[in-house]
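A.B. asks: Here's the letter readout for the chains.
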Amino acid sequence: MADTLQFDLVSPERRLASVVAREVQIPGADGDMTAMADHAPMITTLRPGVLRVVHGGGSDDYVVSGGFAEVTASGVSVLAEQALPRAEVTQAVYDEMLAAARAAQGSAASDATDAAAKTVADMVAVGEQLGFAAR
Amino acid sequence: MPSLKDLKNRIASVKSTRKITKAMQMVAAAKLRRAQEAAEQARPYTDRFNAVLSGLAASVGGSDSAPRLLSGTGSDKVHLLVVMTAERGLCGGFNSSIVKLARTRAAELIAAGKTVKILTVGKKGREQLRRDWASHVVAHVDLSAVRKLGYTNAQDIARDLLGRFDAGEYDVATIFFSRFQSVISQIPTAQQIIPAKFEEAEAGAAMLYDYEPSEEAILADLLPRGVATQIFAALLENAASEQGARMSAMDNATRNAGDMIDGLTIEFNRSRQAVITNELIEIISGAEAL
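As they're listed, the protein sequences go chains A and B.
Under this note's numbering, the first residue of the first sequence is numbered 40, with each subsequent residue one higher.
Under this note's numbering, the first residue of the second sequence is numbered 373, with each subsequent residue one higher.
Rather than coming from a laboratory, the hints here were simulated on the basis of the structure.
Fair warning: there could be bad hints in the mix.
Simulated restraints on C-beta separations [what the hints assert, rightly or not]: (1) Gly540(B) with Lys157(A): 24 to 34 Å; (2) Ala147(A) with Leu580(B): 32 to 42 Å; (3) Asp71(A) with Asp419(B): 22 to 32 Å; (4) Gly95(A) with Gly540(B): 46 to 56 Å; (5) Asp71(A) with Val518(B): 32 to 42 Å; (6) Thr476(B) with Val58(A): 47 to 57 Å; (7) Gly630(B) with Gly95(A): 22 to 32 Å; (8) Val58(A) with Gly522(B): 19 to 29 Å; (9) Ala483(B) with Gln130(A): 55 to 65 Å; (10) Gly535(B) with Gly95(A): 46 to 56 Å.
From the structure, some residues in chain B lie toward chain A, with a derived Cβ separation under 10 Å [what the hints assert, rightly or not]: (11) Ala423; (12) Arg531; (13) Phe604.
Using N, Cα and C, we set each Cβ at its ideal position, and we do this for glycine too.
Chain A extracted, bound-state conformation:
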């Protein structure tokens, strides 16, 4: 039985990663989850968070702002609205993402204020995890 799975991370603008991984930690909307080989097929939406891919050569982190993940027995495809390798996320980039989330909260329709508030809270949590100040 294979103990690896194919991991693809794509955003609308580019393909960020396509590697053979051992496990993928996904920030799901209903909680974090780790997908390994032969996971039951599932689709989950993402909250803003850090996605970690563990493969033979170590692990890679990506910051995603939302989207969804499709998990099958043989692989994981993450379709992120906006995704950046951890190394590319600086305080300035983070500020921008947070500002975008707050702007979305400000203009959210009345039935979506809860969701927008949650997105902002998640974004702040990401900042704490990465050691950035939420300004």
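With the hints as your guide, set chain B onto chain A.
C.D. replies: Just chain B now, kept in the frame of chain A:
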């Protein structure tokens, strides 16, 4: 009969025009390559997205609880035509062919007793539609300040469209853009995006997924994003088509300028010869008269 000097000036001016069109052609070629790359980069996302979405739509679509973005508002009285064109001209029939398709569609809809609203993206389409459809144009999205098309541009347009949909301003939205086939062929296309339409997914291939949160919640989350994704794909196709169209238009212009220069040069040489012959005749007849 133009004088020699006139001809010389004309040749010089056509030559400089040829230089400009040649340069524009090369710029368009470089931009086309970039636009095609961008379109290719976006393809994996769009393909996966549509695959997942159509699978979901197929399983939830039948139920009464399906989101309005999928099932529609229940009527099709008001149509919104989103006409996407370029910000610039000098690209052959690119803009006109998109506008023509939208015009035909609008005329059909009005003939069928529907209300038509038009939203333009790109300056050229607005200029053309403003002449005879001005009363139908409800909004315009200006992308002239955008140097590189990003997903955020598509998101902004999508947000505008969804806001109008929620406010009940229209029932059906269709986007008009040009699908890039090759440098010499771009196909004006109309695509309905609201309510979402999918090609029938092969039922046998569909996998049984667990959904977290529920199927309906995911679908409700994905459908608005699907609108943005489709608009983004259309914007990219359009950008590639525009550059392709400009490239072939400028190639034609360069060739025409070359032909014109050849013609003018022959005319110039002929009239120069005529002047010389005339002078000779004058000299000879002058000598004979003596």
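A.B. asks: Now tell me if each hint is right for this structure.
C.D. replies: Verification of the hints:
1. Gly540(B) with Lys157(A): 24 to 34 Å: 27 Å, holds
2. Ala147(A) with Leu580(B): 32 to 42 Å: About 34 Å separates the Cβ atoms of Ala147(A) and Leu580(B), which means 32 to 42 Å holds.
3. Asp71(A) with Asp419(B): 22 to 32 Å: Check passed, 27 Å falls within 22 to 32 Å.
4. Gly95(A) with Gly540(B): 46 to 56 Å: Taking Cβ atoms as reference, Gly95(A) and Gly540(B) lie about 54 Å apart, which means the hint holds.
5. Asp71(A) with Val518(B): 32 to 42 Å: 36 Å, holds
6. Thr476(B) with Val58(A): 47 to 57 Å: 48 Å, holds
7. Gly630(B) with Gly95(A): 22 to 32 Å: 59 Å, violated
8. Val58(A) with Gly522(B): 19 to 29 Å: Cβ of Val58(A) to Cβ of Gly522(B): about 25 Å, so the range 19 to 29 Å holds.
9. Ala483(B) with Gln130(A): 55 to 65 Å: Cβ of Ala483(B) to Cβ of Gln130(A): about 58 Å, so the range 55 to 65 Å holds.
10. Gly535(B) with Gly95(A): 46 to 56 Å: Holds, at about 47 Å.
11. Ala423: 9 Å, holds
12. Arg531: This hint holds: Arg531(B) lies near chain A, its Cβ roughly 8 Å from the closest one there, short of 10 Å.
13. Phe604: 5 Å, holds
Going down the numbered hints, you'll see the structure goes against just number 7.
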